[in-house]
Amino acid sequence: MARTAEMKLLELMVLKEDISAVIEYIGKKGSFQFQKKEKSRNAINQSDENAFVDVDSQFYDEIKSACSDLSIDLSEVSEIIAKSSSPTEKDRESAGYIIQSYRNLSKQLTEAKESASKIQDAYKEAMAFSNLQVSYAELEHLSFLSLKIGKISSGKYEDLKNALEGNAVVIPLGDDKSHLLIASSKKGRFALDSILKEYDFVTMEIPPDFKGVPQNVLDGLKKRKIESESAIEELEIQKKNFAETHKQSFIKLAASFAIAVQIEGIKRNLESTELVYRITGWIPAGEAEAYMKELEDLTEGRIAIREFEPYEVPAVMNGIEDVPVKLEHGKFVKSFERMIFSYGSPVYGTIDPSPFVAIFFTILFGIMFGDFGQGMFFVLFGILMMRNVIKVGRWNKFAPIFMSIGISSSIMGLLTGEFFGTEKVLEPFAEWVTGFFGTPHAPILKLMPSSDPNSIFVMFGVFGAAVAIGFVINTCGLLLNIINNIIRKKYAQALFGKNGLAGAIFFWYVIALILRIVIAHHLVAVYDIVIIAVSLFFAAFAEPFTFKLEGKKELFENGFGAYFISSIVEIIEVISGYLSNTISFVRVGAFALSHAVLNFTILTLTNMCGGVLSPGGILIMILGNALIIVLEGMIVAIQVIRLQYYEFFSKFFHDTGSEFKPFVFEAEIDN
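Throughout the sequence shown, residue numbering follows numbering that gives the first Met the number 0, covering 0 to 670 in sequence.
These are calculated hints, taken from the structure and not from any lab test. Treat the hints with care, since some could be wrong.
As the list claims (entries may be wrong) - Derived lysine to any residue pairs resembling SDA-like cross-links, with alpha carbons at most 20 Å apart:
1) K488 / I319
2) K176 / I148
3) K82 / A20
4) K82 / E293
5) K489 / C475
6) K551 / R487
What the hints assert, rightly or not - The calculated label-pair distances, taken between Cβ atoms and stated as ranges, are:
7) G329 / G558: 47 to 55 Å
8) G610 / L522: 53 to 61 Å
9) Q237 / S116: 14 to 22 Å
10) F331 / E295: 30 to 38 Å
11) N317 / V517: 47 to 55 Å
12) R2 / K27: 23 to 31 Å
13) G392 / G329: 17 to 25 Å
14) N268 / E88: 25 to 33 Å
15) T474 / E299: 55 to 63 Å
16) Y645 / F331: 22 to 30 Å
A virtual CB, placed ideally from N, CA and C, is assigned to each residue, including glycine.
Turn these sequences into a full structure, and let the hints guide you.
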């Protein structure tokens with residue numbers, strides 16, 4: 000059985016002149032995890048280099064800001080950053096030129112919009128007072144009225160009108176209702192002023208002899224308004240063309256400067272002197288030799304490298320640091336790794352559970368989702384994802400999972416005769432296969448209950464097979480726990496407890512006894528009771544034996560009374576736990592039957608609508624199968640994951656390690 004990948008710790012002593020190139024190599028290689036980040040012991044006095052750092056960081060921020068304004072999507076940076084390099088002087092010159100060009104265009108557009116805004120305001124005010132035919136001085140000398148002319152936000156017009164209802168008359172002077180003439184009795188002018196203040200009313204100064212705006216002035220303002228709007232449109236077109244012309248340049252520069260910023264971020268957290276940097280980190284042992292050779296070539300021998308085995312590292316020996324865990328697989332098993340790490344990382348040096356997860360997940364899903372047509376849909380979907388014909392973001396790396404569950408579902412579909420819900424299509428295949436073993440019949444394995452008295456035995460056979468698979472999965476989990484504890488020299492945990500050898504013997508012997516009683520009609524013997532009692536005792540009353548093997552003087556941590564009561568409870572937990580762990584797999588058979596029933600329901604509805612050749616029948620078939628593939632596919636996947644987590648992982652995932660996360664350059668783009 001494969002174990003987690005062997006790791007080594009490398010210590011690199013790098014000269015100041017080579018540090019940026021070494022970090023860039025590490026980031027591009029993507030197989031080195033920094034041991035830890037520490038603040039520099041001494042301040043780094045690098046005036047020239049810091050000037051470059053400030054420029055690079057500023058360039059990076061300005062490129063992202065410009066791309067955001069220009070609506071340039073920087074998601075491509077994530078795809079090309081691994082092939083990019085840190086910026087050269089030529090890149091900095093190019094960045095300076097393109098950013099300055101953007102600034103100039105942006106400045107022109109801002110000034111044009113500000114000018115247009117002023118012209119727009121002037122035109123609005125002119126239009127607002129264009130119909131005032133008597134002089135404002137005459138209006139102000141009215142005996143009983145108090146008049147005010149001013150501006151408010153156009154959105155506040157209705158609220159102000161309602162607030163002044165019955166106390167003043169509000170007359171809009173323009174179409175947008177931002178310029179107002181307000182008339183009230185002179186007695187109420189003080190109350191009017193108070194209300195107007197609440198609504199941010201700005202009084203406008205009107206010349207006493209003002210009688211309206213001449214037509215030629217209005218025409219001139221209107222012409223200038225149109226010209227300013229046209230200028231803005233032209234600049235917007237230039238901005239769009241600028242973005243299209245320089246899009247690839249922006250993307251390439253963003254990738255280069257993203258690398259530069261991350262290199263400097265790493266440097267700031269390394270131990271260093273004035274001339275030398277110290278880098279320590281983990282690397283897969285199989286890559287260490289080539290890695291060191293390439294670093295020596297890169298620095299032309301100006302580097303000192305030491306390698307350490309994991310248990311030569313003081314932090315590991317003292318339990319302060321975990322050796323990072325890397326799993327090495329082909330594409331099929333690798334696609335299931337995230338399922339492992341979402342639960343927890345295996346401990347370094349233990350057995351890698353990924354192959355078990357891949358096999359169990361594939362088999363369980365296929366049993367619960369048996370349909371040849373629907374299975375082939377998953378296979379096709381997985382192939383299209385693998386070839387990037389269908390792009391679903393990060394989900395494309397799970398293409399092998401879709402292909403594997405599709406194949407297992409198709410195989411189960413061949414056995415049950417299901418093809419998008421109908422059994423007619425696969426009848427010739429079933430009869431051909433069954434003909435080798437006797438009388439031809441279809442399907443090979445009939446899940447749907449029928450008048451045939453043998454169908455009930457088939458149904459119970461499916462449930463029995465599901466429980467048998469559960470027994471195998473539980474057994475694998477127990478064996479992994481026992482072997483892992485032996486590897487880690489935790490012999491007490493390997494021997495005692497419900498997931499140790501004692502619990503395993505109890506579980507296996509009870510299952511064997513039940514099979515003997517059911518199949519061979521054996522009676523329960525005294526030795527059966529003895530074996531079950533002894534194994535159950537060491538599974539439930541494990542504490543003092545565990546402590547004794549571990550060399551602890553105190554055998555009962557909380558006293559004998561507490562130990563005895565907890566052990567009685569543990570007996571109940573061991574029995575109920577193994578019972579539930581086994582019975583839980585009945586759901587596999589239940590979902591297999593429910594899938595067959597759903598297919599039968601869709602087929603019945605199709606026949607009620609005229610059959611598979613009618614327009615209504617075709618629609619029902621397409622929608623029904625789509626619903627089954629999406630909805631039931633998700634439900635079945637969740638159930639399989641649940642069985643893996645609770646019935647398999649729980650047997651051996653008691654201690655967790657640390658996942659290997661090598662440093663790679665990333666595009667931290669908010670766009």
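Right, here's what the structure says about each hint:
no., hint, result
1, K488 / I319, "19 Å, holds"
2, K176 / I148, "12 Å, holds"
3, K82 / A20, "15 Å, holds"
4, K82 / E293, "17 Å, holds"
5, K489 / C475, "19 Å, holds"
6, K551 / R487, "18 Å, holds"
7, G329 / G558: 47 to 55 Å, "53 Å, holds"
8, G610 / L522: 53 to 61 Å, "58 Å, holds"
9, Q237 / S116: 14 to 22 Å, "20 Å, holds"
10, F331 / E295: 30 to 38 Å, "36 Å, holds"
11, N317 / V517: 47 to 55 Å, "54 Å, holds"
12, R2 / K27: 23 to 31 Å, "29 Å, holds"
13, G392 / G329: 17 to 25 Å, "23 Å, holds"
14, N268 / E88: 25 to 33 Å, "26 Å, holds"
15, T474 / E299: 55 to 63 Å, "57 Å, holds"
16, Y645 / F331: 22 to 30 Å, "24 Å, holds"
Consistency note: the structure conflicts with none of the earlier hints.
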